[in-house]
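Colleague: For reference, the chains in residue letters:
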Amino acid sequence: MFARRFLISFPIFAVMYVIQETIVSQFRIFGSGFSLFLIFTLLWSALGTPELGALTGFGAGLLMDLSQSSSGPMGQWMLIMILAGFSISYLGYGDDNFRGNPLSLVVIVALAVPITRLVYLILGLMFGGQLGSTLQIFTSLFASGLWTVAVVPLLMPLVTRIHSGLFEDLSRG
Amino acid sequence: MRSGGDNRGRLLLISLIVTSLFLITLDLRGVQVLGGIRSGSQTVLSPVQSVAATVFRPVGNFFSDITHLGRTRGEISKLQAANEKLRQALINRKNADSELAQLKSVLDLAGTAKYKVVSARVISLGSTSSFTQTISIDAGTKDGVRPNMTVITGLGLVGVVKVAYPNSALVQLATDPAFSVGSRVAGSQQIGILSGQGTGKGVLQLLDNRTNLKVGDVILARGSQNNLPFVPGVPIGEVTSVDNAAGEVTQSADVKFFVKFSALSVVSVVLGAPQADPRDALVPKAPVPTPVPTVTIYAKPSESPTP
Chain C
246 MFARRFLISF PIFAVMYVIQ ETIVSQFRIF GSGFSLFLIF TLLWSALGTP
296 ELGALTGFGA GLLMDLSQSS SGPMGQWMLI MILAGFSISY LGYGDDNFRG
346 NPLSLVVIVA LAVPITRLVY LILGLMFGGQ LGSTLQIFTS LFASGLWTVA
396 VVPLLMPLVT RIHSGLFEDL SRG
Chain Y
383 MRSGGDNRGR LLLISLIVTS LFLITLDLRG VQVLGGIRSG SQTVLSPVQS
433 VAATVFRPVG NFFSDITHLG RTRGEISKLQ AANEKLRQAL INRKNADSEL
483 AQLKSVLDLA GTAKYKVVSA RVISLGSTSS FTQTISIDAG TKDGVRPNMT
533 VITGLGLVGV VKVAYPNSAL VQLATDPAFS VGSRVAGSQQ IGILSGQGTG
583 KGVLQLLDNR TNLKVGDVIL ARGSQNNLPF VPGVPIGEVT SVDNAAGEVT
633 QSADVKFFVK FSALSVVSVV LGAPQADPRD ALVPKAPVPT PVPTVTIYAK
683 PSESPTP
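Protein chains in written order, with our numbering: chain C, 246 to 418; chain Y, 383 to 689.
Hints in this document: simulated from the structure, not taken from any laboratory.
All values reported here derive from a predicted model rather than from experimental measurement.
Mixed in with the good hints there might be a few duds.
Stated by the list, open to error - Derived list of chain Y stretches under chain C, where covered just means 3 residues or more per stretch with a C-beta under 8 angstroms from a C-beta of chain C:
#	segment
1	392 to 403
2	425 to 436
3	500 to 508
4	513 to 523
5	549 to 561
6	578 to 585
To be verified - If you only want the chain Y side, here are some residues facing chain C, beta carbon under 8 angstroms, derived:
#	residue
7	Ile406
8	Leu410
9	Val545
Even glycine gets a Cβ: it sits at the ideal position worked out from N, Cα and C.
With the hints as extra help, turn the sequences into a complete structure.
Modeller: This is how it looks when you write it as structure tokens:
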């Protein structure tokens, strides 16, 4: 069942990835902008089971590792996204009040995006990466949280509809 | 929230983590896992990126210029539409003019230094999720671009080619925290290492603490063996502040890059350089102040003084 769900949702992620790499990456906005793909993945994970969250993170991380602008070793994004996907879905799993409240989803994704990026940075440092300006990093992390707050409400209706349509149909069938 | 995952879930999580750790280990050991897929995905994406760059850059500028969206009167809507069309054409023209100016300036610089270059358009501005500072350009191995080649604009050093794909290449910008280049001070020829900081300024560390560095000094690339990754003489930036702390082993200074990294649209990759070092020939000329005409008035006493 997992493999089937994963394969069905993969084309959606591939489309989001292409949008991120070709369109979103054209705009340089405040605080180095936002990653639509990262937001989409975390929001998608937040709506599923922890196992599905981890699997979603695995697939999304693989795509992020394939990005030419990914500086870390192959598998770095994959590792972080598995943990992020699992954690964000684990937090709200079984709590319908949490998942039914759009505000809590916005807050948790807005917190998860900078935390995920921070973990990526820390892991990158452990792999021999460079830190650069601390102020720039904090500005970028803070801005990514703000951008997420702005983007998630726009993205949420689409993601929840696709997610529920896909998984409810599957569970019925 | 639930109290814990079941065994199947745990097994799945552990196996996914182990897979990713396995990939990381292989990659760090130099085994190019999935390298072909990364290259292939970039080969597929680069034409789409190129089209998106052509379409969405002017759109971004266009939206920032629109100021009167609220007007709905039918009488003016046609005029507005015509006006927007003209404005779009103007923005496109400005975009083309700007690219032409950048291209001309980089060819001037390359001509002075006798560099063999290939010019390319910037098709992507790099990752928004990681902290690296990179750009993608629409020239690749088919155009002679190889990893470790210097990338310049008319103002100076942009960065270095990190990865070259058949139709595109990834360029690490000089502002990237992992970027460092051997440099020298124009005139005094003192040498040091300049590192990116993730901002519009870099930090220069001179190898000799007795050097008398001052604000305004121009920093040039020192050049590498066989001109890879850096050809000599490329202007990098100018010193904006000097750290003269007593007891420091090396003297350091903040260097503001000449290149405006936020406005890159056309760059050139140096494919080859002459044997002779251009030395300080590429140092940008200091701006010549425009002479202000002065009017001198001579007061002359009248011949018939008033009583």
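Colleague: Run every hint past the structure and note whether it holds.
Modeller: Evaluation of the provided hints:
no.: 1; hint: 392 to 403; in the structure: holds (count 7)
no.: 2; hint: 425 to 436; in the structure: holds (count 6)
no.: 3; hint: 500 to 508; in the structure: holds (count 3)
no.: 4; hint: 513 to 523; in the structure: holds (count 4)
no.: 5; hint: 549 to 561; in the structure: holds (count 5)
no.: 6; hint: 578 to 585; in the structure: holds (count 4)
no.: 7; hint: Ile406; in the structure: holds, 4 angstroms
no.: 8; hint: Leu410; in the structure: holds, 5 angstroms
no.: 9; hint: Val545; in the structure: holds, 7 angstroms
Consistency note: the structure conflicts with none of the earlier hints.
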